[in-house]
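Turn these sequences into a full structure, and let the hints guide you.
There are 2 protein chains.
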Amino acid sequence: MKIAMTRAERAQLAMMLEVCAYPKPGNVDRCHDYDDTRLEHFLASALLVRPAFNHAEEGGHGLGALIREATSLTSTHGGGNTHFGAYILLIPLIAGGGIDGATAAVKETTVDDALDFYAAFSMTQVRMHRTDELDVNDPATLHVIRDRGMTLSDIMAHSAPGDMVAREWTNGFALSRRAADLLHEAGCGRHAIVEAFVRLLASETDTFIIKKHGTEVAERVREQAAEVLAGTRNLESFDSDCIAAGINPGSIADMIIAGIYVALGEGWEWDC
Amino acid sequence: MKIAMTRAERAQLAMMLEVCAYPKPGNVDRCHDYDDTRLEHFLASALLVRPAFNHAEEGGHGLGALIREATSLTSTHGGGNTHFGAYILLIPLIAGGGIDGATAAVKETTVDDALDFYAAFSMTQVRMHRTDELDVNDPATLHVIRDRGMTLSDIMAHSAPGDMVAREWTNGFALSRRAADLLHEAGCGRHAIVEAFVRLLASETDTFIIKKHGTEVAERVREQAAEVLAGTRNLESFDSDCIAAGINPGSIADMIIAGIYVALGEGWEWDC
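First to last, the protein sequences are chains A and B. Residue numbers for the first sequence, in the working numbering: 1 to 272. Residue numbers for the second sequence, in the working numbering: 1001 to 1272.
Simulated from the structure, these hints should not be mistaken for lab results. Glycine residues also receive a C-beta, built at the ideal position from the N, C-alpha and C atoms. A few of these clues could be false.
[Stated by the list, open to error] To be clear about the criterion: a stretch of chain B counts as covered by chain A if any three or more of its residues have a C-beta under 8 Å from a C-beta of chain A, and this derived list gives those stretches:
#1 1012-1018
#2 1045-1053
#3 1076-1083
[Stated by the list, open to error] Covered by chain B, according to a simulated footprint, are these stretches of chain A (three or more residues, beta-carbon under 8 Å):
#4 10-24
#5 45-57
#6 77-89
[What the hints assert, rightly or not] Using C-beta positions, here's what the derived DEER-type ranges look like:
#7 B:G1060 / A:V144: 47 to 55 Å
#8 B:G1246 / A:M123: 42 to 50 Å
#9 B:A1174 / A:E108: 52 to 60 Å
#10 B:K1212 / A:D241: 41 to 49 Å
#11 B:R1146 / A:E185: 49 to 57 Å
#12 B:E1185 / A:V144: 50 to 58 Å
The following block contains the structure:
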């Protein structure tokens, strides 16, 4: 049955559906937790983020302030940052009413958006490259942003080479679009989410894994996902191996959330 | 960490935490679905119900209209009625700001509340006794309500002997209170929810099971829960047996949701 959802609700539903989908290599899912981040943390974030999504839908709020609000609302539990990357995608998608609007909206961001974003960033444990001159842990960063007049869009362009989520702001949300297309191709329901996840993981090296474990590990994970697609590797044991090694493709998960959000708006059915 | 939640958010969190808790004999949980009602349906309801809970928190809306709104908002997916009983408890608890306020609020209900409630009821597949003169499937029921001037509180008193959820409206939310107490006794976190669930199931015969399978089956489930507490029955196999037989203690689940809501407001911690 079709649901007349608000954009905010659709985004919440995307967060809920992504975390429940199982088996999802390496990430928290219906059957797997990490010690410090559990299914309930992800679902609590999906519930508690709503005011920020409502504000994004209303319009009139800066994207940086909205990402800051979403991060703040969902940093109240002990599960740490669950969805920072997802907010970077969902907030412009909600505010812009879709990929075209989001692509336009990110171009309008300001220096204030960049400063708000860094305030949000400092609430999370997201890693940047240790050599990054715009390190969130360095108070001098804010001066650099102000001195150079960098907008949030500039920050994302700066991060794009090493961060596939930031890259979405620079390329018209290309992988969010691709994630939505993979969902449409895979059919309706929860199994389509798993299929889209593995297909995206098999074709793109997850930059979150690169930051945490290095390029070699991330490339191996991509190859292993391709082996699952080829039928030469078992998905459940791939999942177990990733979890045992603490390898979680967090940026692919963010992309899938964005893809579910976009696909739901195009009639993709989660409930079949 | 303490969360400054609204009452509406606390109620949504209660719905989310209850359905995720595992293992929960016979009910949908993190690891079990029924064919037609799955984890995602319960979680979608927890997301989509929010406007009704917000209205309950704002005040100025009738309890019957609020239950009708909650049911309507969450009847849009294919999972059927997931939380009708929970709304009967949560709506007055939110509107009244706790058990005392809820006990007072239900006494103020009107004939219009009763009519709204029956409109909500007709959206669900909840069973009444076949011999019930206030059968929701019988259009004459609405005339009976109007002719006799029955309020929603009267309806609940009428249903109380055979329905433990309706009974809460007549006895100061006694089992909701007890569920909250059991949570406090069991300590923090998800395991406390399972413990409170089994303890309540071992001490009260679930009227939802009675309606579906008869008193004998319901009484046997109660005894089996007591055996789990005594250590003479395995919880996981009890769970599997219930699921295989389609025996789900839905009213105990409603009570646990109400108990989580109350306990969270008293400082019980879900996240530890």
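Problem set entry | Distance restraint hint 50 to 58 Å, applied to the beta-carbon atoms of E1185 (chain B) and V144 (chain A) | holds, 54 Å
Exercise. Under a C-beta cut-off of less than 8 Å, do 3 or more residues of the segment 1012-1018 of chain B approach chain A closely enough to confirm the stated coverage?
Worked result: With 4 residues close enough to chain A, the hint holds.
For this session: May I ask you to test the hint 47 to 55 Å on the CB atoms belonging to G1060 (chain B) and V144 (chain A)?
Result: At 51 Å between Cβs, range holds.
For this session: Note whether the CB distance of R1146 (chain B) and E185 (chain A) lies within 49 to 57 Å or breaks it.
Result: Check passed, 54 Å falls within 49 to 57 Å.
Exercise. With a cut-off of 8 Å between beta carbons, are at least three residues of the segment 1045-1053 of chain B near chain A?
Worked result: Held - the segment 1045-1053 of chain B has 4 residues with a Cβ nearer than 8 Å to chain A, which meets the minimum of three.
Exercise. Is 52 to 60 Å right for how far apart the beta carbons of A1174 (chain B) and E108 (chain A) are?
Worked result: 57 Å Cβ-Cβ, so the 52 to 60 Å window holds.
Exercise. Could one say that the CB atoms of G1246 (chain B) and M123 (chain A) fall in the range 42 to 50 Å?
Worked result: For M123 (chain A) against G1246 (chain B), whose Cβ atoms are near 46 Å apart, the range 42 to 50 Å holds.
Exercise. Counting residues of the segment 77-89 of chain A with a beta carbon closer than 8 Å to any beta carbon of chain B, are there 3 or more?
Worked result: Since 3 is at least three, the answer is holds.
Exercise. Would you say the C-beta atoms of K1212 (chain B) and D241 (chain A) sit inside 41 to 49 Å of each other?
Worked result: holds, 43 Å
Problem set entry | Given coverage of the segment 45-57 of chain A by chain B, tested with a Cβ cutoff of 8 Å and a minimum of 3 residues | With 4 residues in contact (Cβ-Cβ under 8 Å with chain B), the coverage given for the segment 45-57 of chain A holds.
Exercise. For the segment 10-24 of chain A, does the count of residues with a C-beta closer than 8 Å to a C-beta of chain B reach 3?
Worked result: Holds, because 5 residues of the segment 10-24 of chain A bring their Cβ atoms closer than 8 Å to Cβ atoms of chain B.
Exercise. Do at least three Cβ atoms from the segment 1076-1083 of chain B come closer than 8 Å to Cβ atoms of chain A?
Worked result: With 4 residues close enough to chain A, the hint holds.
Comparing the model with each earlier hint shows no violations; every hint is respected.
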